[in-house]
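Trainee: So you can see what is in the structure, the chains are spelled out below.
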Amino acid sequence: MRAILKRELSSYFNSAIAYIVMAMFFGFSGYFFVGTCFVGNTSSLSPAFSNIFVIIVFLTPIIAMKTFSEEKRQHTDQALFTSPASLPRIVLGKFLGAFILYAVCCMIFVVYALIISIFTTPDWAVILCTIIGLLLLGGALIAIDVFISALTESQVIAAVVGMAVGLVAYMMSSIVSMIEVEWISNALSAIAFTNYYSTFTYGILDPSGIVFFLSVTALFLFFTVRVFERKRWS
Amino acid sequence: MVEVKNLTKRYGNTTVVDDISFTVNTGEVLGFLGPNGAGKSTTMNMITGYISSTAGTVTVDGNEILDNPRKVKSSIGYLPEIPPLYVDMTVRKYLRFMFDLKKVKLPRDEHIDEVMRLVKISDVSERIIKHLSKGYRQRVGFAQALLGNPPVLILDEPTVGLDPKQIIEIRNLIKSLGKKHTVIFSSHVLSEISATCDRIIVISNGKIVADAKSDELSTSITGEQKLNLDIEGSQGTVLDALKVIPGVIKIRKTADLGNNVGRYIVEYKNGVDIRRDVFRSMATAGAVILNMENGNETLEDSFLKLVSEDQTREAGGVK
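Quick note, the sequences are listed as chains A and L, same order. When you line the first sequence up against this note's numbering, it's residues 40 to 273, in that order. When you line the second sequence up against this note's numbering, it's residues 1130 to 1448, in that order.
No lab work stands behind these hints, which were simulated from the structure alone. Glycine included, every Cβ here is placed at the ideal spot set by N, Cα and C. There's no promise every hint is true.
Unchecked claim - For lysine-lysine, the following DSSO-like pairs were computed, each having C-alpha atoms within a straight-line distance of at most 27 Å:
#1 L:K1398 to A:K45
#2 L:K1259 to A:K111
#3 A:K270 to L:K1232
#4 L:K1232 to A:K111
What the hints assert, rightly or not - Only some residues are given here: those of chain L computed to face chain A with a beta carbon under 10 Å:
#5 K1200
#6 Q1273
#7 L1386
#8 G1387
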């Protein structure tokens, strides 16, 4: 697993991907930060935090799109799957590589909090909870994107489908409000990513949110392992 | 030692590999020969655990691939048909990654240097794989398979894309590796297999159609030997004189070359040499031998015969 994680990180940081993703993340979050805190003259980072969701929806598929589709295209999966490394470890190594790059992006919010602390005392509870929320949300989205990447040889398809799934997750709460059948809307709101995430942006460390995002992550990593097992056996 | 028993792979209704069994002993180089699409790569992918079999077992040194995949996988070095290279890495970094991935317990840098020397890629060790030629890439793939000195080497068409000099180098390398390792390597080039292997398995349409020592393959398929003759003399006299030679099975006249000269093919039993008798009896009969040559099939012929026989059988079966 360590070998794969190391390779993943070096391939992100030796290519343009890591820098483009980081630039995009820093740029947009900076825009939201300036737009709310400086123009709006507030020390609250909450609006910036909730706006960044939609950026994450587009960035996580870009981070994770190559995890497995690129392996298949280059036929390097043959080396991975004939090596003594076990399938779950391979998947976990890939996931962690993508997640660490994402986590590095999220750390920019610590910088923004420090900037605020020059002027006034920032609400550390909100900042800490939201960064935890951001990491959990990103982890879940990346796990979904890794799973999608395992299904296709094309990075483009992996990215586009990943973005579509992310957008649906983002819009779920507004989709729910359009549905009048109660049990469907209840079921859907239970999987609405924004509902869980926004709780974190208020500074609440919500156990149901933590459990939800961690379960989604675990579930899709498990699905990824199953995809490869199934393919071996078909 | 690699033991393959009743290995079968089906995709839906298509049987790609059909009930293959063979054993390769330590220190043996086995050639896997067959036309494209015969099931060579699929078989190798099953032996290495990349895909699973529909039925049958693969045992490497007593360990079954399904029961103990980690042990089997770490004792096999595999070079797939398309070398599994991360083209964005340098040769050395790639080999380091593969070394770590395979959890090899040897001094890393020395071992990588040694393997690079062996396949002659030391001069490109710091270059990015993307920029290497096909021949170098193939050899980097080869180096990857050799990492950790695995007791079993499985090489899927290792010489494709190499120039003639490199082909000879790789063949010699395989031969020298065959002394210590168990080697299975596939090719659709006959001369290569016969030059390198102790034993040949011919596979066609997913089935083994021949399994023999490389020098026996030709006769084991045809079962008899042949002599091509151009003889001057009347057909009746020649046929009568040839017929009585001990060991002769069948005589055919294949062409009339004019001026009373005919071309004959004489089939005779394995293990006898009838050339002297042919000479003497022709001399007695007053016929003149203008040309006499060995009509035995080359490996190339036997291979084509095997494969086409198998295909006609298949076609007949479908009807």
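Trainee: All hints, please: hold or fail.
Mentor: Here is how each hint holds up against the structure:
no.	hint	verdict
1	L:K1398 to A:K45	65 Å, violated
2	L:K1259 to A:K111	17 Å, holds
3	A:K270 to L:K1232	25 Å, holds
4	L:K1232 to A:K111	22 Å, holds
5	K1200	8 Å, holds
6	Q1273	7 Å, holds
7	L1386	55 Å, violated
8	G1387	59 Å, violated
In summary, the structure is inconsistent with hints 1, 7, 8 from the numbered list given earlier, while agreeing with the others.
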